[in-house]
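The listed protein sequences correspond, in order, to chains A and B. Each step along the first sequence adds one to the number in the working numbering, with nothing skipped, and position 179 is 215. Each step along the second sequence adds one to the number in the working numbering, with nothing skipped, and position 67 is 364.
What the hints contain is simulated information worked out from the structure, not anything from laboratory work. All clues stand as given, with none of them false.
Between beta-carbon pairs, the in silico distance windows are:
1) B/Ala369 with A/Ser504: 46 to 56 Å
2) A/Glu362 with B/Ala384: 21 to 31 Å
3) B/Glu341 with A/Val345: 29 to 39 Å
4) B/Ser382 with A/Leu280: 43 to 53 Å
Ideal Cβ positions, reconstructed from N, Cα and C, are used throughout, including at glycine.
These are the residues of each chain, in order.
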Amino acid sequence: MFSIGLIAFVIIAQLAPAFFIGLFWNRGSAVAAKTGIIVGSLVTFYTLVLPFITEVFVEGSSLITNGPAGIALLKPYELFGIDFMPPVTHAFFWSMVFNIMFYLVFSVLQKGDYRERNYAELVVNASSYGELQENAFVWRGEAYVSEIRKALIRFLGEKRTARALNLFYRKYDIDPEEEKADARLVNFSEKLLTGSIGAASAKLMISSVVKEQPVSLPEVLKILEENKETITINKQLQQQSHDLKRLSDRLKNANQALVEKDRQKDEFLDTVAHELKTPTASIRAASEILFEDDDMPIELKKKFLDNIVNDSDRLAALITNILDLEKLSNGREVMDKKQYSLKETLRKAVDGVYQLALKKQVRIDVKETDDINLFYDEDRILQVFTNLLSNSIKFVSINDGFIKVKTQITDESVLMIFEDNGKGVPQEDMGFIFDKFYQSNNQNVKKPMGSGMGLAISRHIIESHNGSIVIDPNFKEGARFIVEFKK
Amino acid sequence: MKKILIVDDEPNIVMSLEYAFKKQGYSVFIARDGSEALVIMEREFPDLVILDVMMPQVDGYETIEIIKNNPAFAKAKVIFLSAKSKAADIEKGLKLGADEYFTKPFSVKKLITAVDNLIRK
Numbered sequence: 037m038f039s040i041g042l043i044a045f046v047i048i049a050q051l052a053p054a055f056f057i058g059l060f061w062n063r064g065s066a067v068a069a070k071t072g073i074i075v076g077s078l079v080t081f082y083t084l085v086l087p088f089i090t091e092v093f094v095e096g097s098s099l100i101t102n103g104p105a106g107i108a109l110l111k112p113y114e115l116f117g118i119d120f121m122p123p124v125t126h127a128f129f130w131s132m133v134f135n136i137m138f139y140l141v142f143s144v145l146q147k148g149d150y151r152e153r154n155y156a157e158l159v160v161n162a163s164s165y166g167e168l169q170e171n172a173f174v175w176r177g178e179a180y181v182s183e184i185r186k187a188l189i190r191f192l193g194e195k196r197t198a199r200a201l202n203l204f205y206r207k208y209d210i211d212p213e214e215e216k217a218d219a220r221l222v223n224f225s226e227k228l229l230t231g232s233i234g235a236a237s238a239k240l241m242i243s244s245v246v247k248e249q250p251v252s253l254p255e256v257l258k259i260l261e262e263n264k265e266t267i268t269i270n271k272q273l274q275q276q277s278h279d280l281k282r283l284s285d286r287l288k289n290a291n292q293a294l295v296e297k298d299r300q301k302d303e304f305l306d307t308v309a310h311e312l313k314t315p316t317a318s319i320r321a322a323s324e325i326l327f328e329d330d331d332m333p334i335e336l337k338k339k340f341l342d343n344i345v346n347d348s349d350r351l352a353a354l355i356t357n358i359l360d361l362e363k364l365s366n367g368r369e370v371m372d373k374k375q376y377s378l379k380e381t382l383r384k385a386v387d388g389v390y391q392l393a394l395k396k397q398v399r400i401d402v403k404e405t406d407d408i409n410l411f412y413d414e415d416r417i418l419q420v421f422t423n424l425l426s427n428s429i430k431f432v433s434i435n436d437g438f439i440k441v442k443t444q445i446t447d448e449s450v451l452m453i454f455e456d457n458g459k460g461v462p463q464e465d466m467g468f469i470f471d472k473f474y475q476s477n478n479q480n481v482k483k484p485m486g487s488g489m490g491l492a493i494s495r496h497i498i499e500s501h502n503g504s505i506v507i508d509p510n511f512k513e514g515a516r517f518i519v520e521f522k523k
Numbered sequence: 298m299k300k301i302l303i304v305d306d307e308p309n310i311v312m313s314l315e316y317a318f319k320k321q322g323y324s325v326f327i328a329r330d331g332s333e334a335l336v337i338m339e340r341e342f343p344d345l346v347i348l349d350v351m352m353p354q355v356d357g358y359e360t361i362e363i364i365k366n367n368p369a370f371a372k373a374k375v376i377f378l379s380a381k382s383k384a385a386d387i388e389k390g391l392k393l394g395a396d397e398y399f400t401k402p403f404s405v406k407k408l409i410t411a412v413d414n415l416i417r418k
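With the rest of the complex left out, here is chain B:
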């Protein structure tokens, strides 16, 4: 079973995503910020990380940099899911190595499709 790590500090959004991806047959892990996410990654080595940008403690940008610099997480795909929707923000996210960038509010269905395309094949 493919593993997905959802990193977001909004409990309601996390709840929706957790439900939706579990239903799609993924194994879902939850972290409330970057530092929690890294702990879980060390343990679970997820196939994909859905990453918010604005979070307490370690933010999304810092988190992806750590992920991309650690060869142990080489296979992990990253999707940014953020309310930051300016062109510069999106560009920054993709430059840091994200595979996709979704802006809030987002379509759950489209997010699932993107995840499927990245790791189901």
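Bound conformation, chain A alone:
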């Protein structure tokens, strides 16, 4: 039992050299330590375990007395002729000798990689850890200045690289002609690159130009982490750019709508100007002639003056209508709604156009129905009815003109139907008659007189009463307008 304990001690003792020397000697390498331990163990086995086992089984073995194959120098208990020590001490002595020898020789012969040496340095000189971090590249092997410079130029550009290197050389007082890069340059370059491509990538970049540099798993993981972060940021950026694009699309649409509105406004002003110019031209021409011509017959003079009065009225009506329409379409006009009799309002409208109808011998037939009271602005509704009636009078032929007005009352609404036997509205104009100035919309062709705004104004008024006004496209005998009021 005692012997087995001693044998175990000697075997365990093989770990000691690598451990204790490694603590104080930074050149000790892993391979050398392993070799030393294995060799020491083998020696222990040969000088202690093997003879011990042989003795148990074979009494007076020749291996112990004569050595293997009779070689006296290799006798397990008296290796190399040393016979004055008891077996355990003898085994301990030789195993330690071989162990330490292999450890030292291998450590000196074979350098560990930079990482191993860095760790060794960390253990041996733990007190100067901070400094070590700074100079971590001391053991990273060899690098050429030209290669590091190339790497820098790739990411920083020619100018910045040159400037940075000059500063570096001046700071550390290094000969710029030096071919081999020292640790400080490597470290400095890595820091420089970190600004451009991130710390882990910079390390990778520099390791690629510094020779024999394996990249460890933690480093790879760090790079992956950095990349993950970059990807996350990229995703955020993508999302943001997506949002921006959507916003800019919306702005574009809004802008387009504004441009269209602007164009419509321009067109409107253009048309207004045009509409105002014709009566103005007429008034100017007549006035000029009256002014120049003193010997004009009085009858003719009166005719010219009459023209001027009519054109002035036309001009005034036009201006009123324009302002009216603008007010209505901007929603600035407040309807003065009260309860009125629809029948009464219609009667007022018919009375209003009576003279006009009489002049053209137009018959107006209002179909008798039950009266109904509704909430509306009477002046405005009267304006609509008058407009519809006078339009009809305008477009029917003299003498056989005929206008029919019907009222239909349903559960939800009241329909007012205005029919005439005039020339009707051309199919292609149906969609535009409620637009302002629709008359002149058809380019250079002018339609029969009128401001071209009556129906547009009417539509605005009716819509302000939550009603609707439409033209019946299927009515072929003339024009049929249908005004609908909600009850």
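Since chain A is already given, all that's left is putting chain B on it; use the hints.
Then chain B, alone, in the frame of chain A:
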């Protein structure tokens, strides 16, 4: 007597022009739109046409094109008299072969001078 054809659908303006040019000693004919104007031209071969642009049926631009493409009307001068006053409108009128372009409202006196310059000499 030199002949002038006035083509316009505004009766009041036509009345003023008719009076003014008759007083100047011209023979004046009236048309309310392009198609009427062409009928009168075939019959009267006027020396000068005062042409509105915006008219029912055949407009002023179409009318001048027909006039300029018919060698029978080669001597006829054309003056546009229109409310269309944008530079592009004026350019278009002159490109189509008009000798003058007057915008409404206009000076009757200046119009008479222009007509005199074009056909009295």
